[in-house]
Amino acid sequence: MGMMIQLQAKGIVFGYNSSPILKDVSFEIGPSKLVTIVGPNGSGKSTLIKCIDRILSPKSGSILIDRKDVTKMDRMEIARNLSYVPQSSARTFSSNVFDTVLMGRRPHIGWLSSSDDEEKVWEVLRLLGIEDLAMSSFGELSGGQQQKVLIARALVQETKVMLLDEPTSNLDIWHQLDVMNIVSDLVRKRRMTALIALHDLNLASKYSHGIIMMKKGKIMAVGDPASVLTPENIEAIYNVEVAVRSQSEAPFIVPVKQIKTNGSRPIPDNRPFTNGKRRNGFPRSISEIKGIKLA
Amino acid sequence: MAKTVRRTSARAGKRSRMQEAHDSFIFGRYLFMAAILTFIIILTGVIITLGPLDISVAEAYRALIDRLYPGYFDVEPLTKRVVWNIRFPRIMGGILAGFGLGICGCVMQAVLKNPLASPFTLGISAGAQFGISLAAVIGISIVGGPYLLIGNAFLFALLCSGFIIGLAAIKGASSETLILAGIAVNYFFSAMSQLFKYFADDEQLRLMTSWGMGDLAAFSWSKIPLILAVFGICIPLLMLKAWDLNIMTAGDDTAKSIGVNTEHVRIFIMLVSSLVVATVVCFTGTISFIGLVAPHMARMILGGDHRFLIPASGILGAAVLIAADGVAMNVIAPTVIPTGIMTSIIGVPFFMYLMLKGRRREFWA
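As given, the protein sequences belong to chains Y and C, one line each in that order.
If you read the first sequence in our numbering, its first letter stands for residue 1023, the second for the next number, and so on.
If you read the second sequence in our numbering, its first letter stands for residue 283, the second for the next number, and so on.
Just so you know, nobody snuck in bad clues.
Calculated lysine to any residue pairs in the SDA-like style (CA-CA distance at most 25 Å, straight line): (1) C:Lys395 to Y:Ser1159; (2) Y:Lys1182 to C:Thr544; (3) C:Lys395 to Y:Ser1079.
Hint data in this document are derived by calculation from the structure and do not stem from the laboratory.
Here chain Y stands alone, though its shape is the one from the complex (with noise of 0.2 Å):
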């Protein structure tokens, strides 16, 4: 039985002069998952994100999806295959909702949009919920309808796959759960597989199937968040030391307080921590991960 991967990474290597910035990252994911990236700033999370959509190039490594090796193909056909959400941010000239939304029709289309084309924005704009927003500017939004309409014209892209940076930043907690479950329901119902980078431990253990714990360019643990969000493993990559209770079956962190580090702390290096027990063999793939489940 031939097992499913969606997205695959294969030795990423990425970095200006001698510090590379991600060194040698590898995973698998299956189709309809939701799978985020975790760890402390600068740990490369928003690097890899990008090398995946080739909007940095790594020095080595493959990326495939659905076997298709993405560093083969132009520009176009990536957009046709991954689409990306970025952080939402200040920009210089502000397009309406609707036009901006149009872009992500760009792979598809020639010079002129269709009447098809545009259907498809009404339809992802009222699948979202901001159909009444298609006049307004997009710099007059509030950050939660920016983020929406973000993750929208990644939708009319129409790919199986879908890279979010940090899509909750910027966001009150009502948002962020508003988020989350939009881009959770493109997963299930869809069957979109979605790798989004991010910041808050408990989101990441509420909404992911798996999850990826990075640490200075490295993976160091991988798998379904109880067993990746342990307090073992969260005291090593980010240096707080934690309490991790249950609720409703997802493990829920409360920090306790920062350990000094007094910067002689070793790093531990290549040996993923999984359910607390240093393992080798890594990289592993997700899709191994007990709990998670191949469509």
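Fit chain C to the given chain Y structure using the hints.
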């Protein structure tokens, strides 16, 4: 509940309230462009009537149509000559210059993601001015004969943009760096021109000054085919990139993720638009205001879709330029004020008005 109802009605082919609003917005864009075009045609007729020889608006149009269908109307030969050989070429020059500068400002602002980008702020005009000074004062030029001044202006304009494009291509410079480099180039060549002015005699000084102010007076039919040829090739190429420009305003990372090769598009646009600017500037001198402001006017009225924005910037540029030139020629007749001066004197208050009174929307978020 409401959602279900709306979805069903959409499926039944009915368009929702927002869709209808959007449809009428698109229709408004076409309507606006048609209105400005009509305005240009009417303005052309009116401006032709202004001048020492009395010509009515009707006569003006008859004289123009007579050229296309000879003998269809009965037009006096003198009127015909004045309209066709003196007044109309100048207006055509204004329309073409305004159209080219407006479009170039629009695409430069888009690829550099900067509302301050224009042929003038990027140093292209200053380069052309330096070429003129060089030819006028020292007599150094790359082409000789009647094209001495024009050829020099053209080549130095391209030299400046070549420097900026080179910076983008080799160093992969960010749009902010390119703008800064452009402004630095602008200062350098302005200083060089000032230096030549300092040592110039009266005749050379007059030549340099009038050119620097930007004037359509020297425009004649012989120059139009060349401009049309350059426009005919370059502007469709710019229009073809309209989608990519839309997407690039959202930032390079986003643009790449949607399939746009941002480095290539940026270099291509700068290359093609500099060619257009150099062609316009070498015939008209520095008319600085149009390239900066026409795109902003268009953006305020039409929104950010470059499929509309590019042509609208051109049409608005043309309209503002010929209107200003019409005033410049007649406000203290028989003295004709240089076009570039009047463009700014009339254009800036109009622009300020649009900025303050315009619809309350964020155009430069």
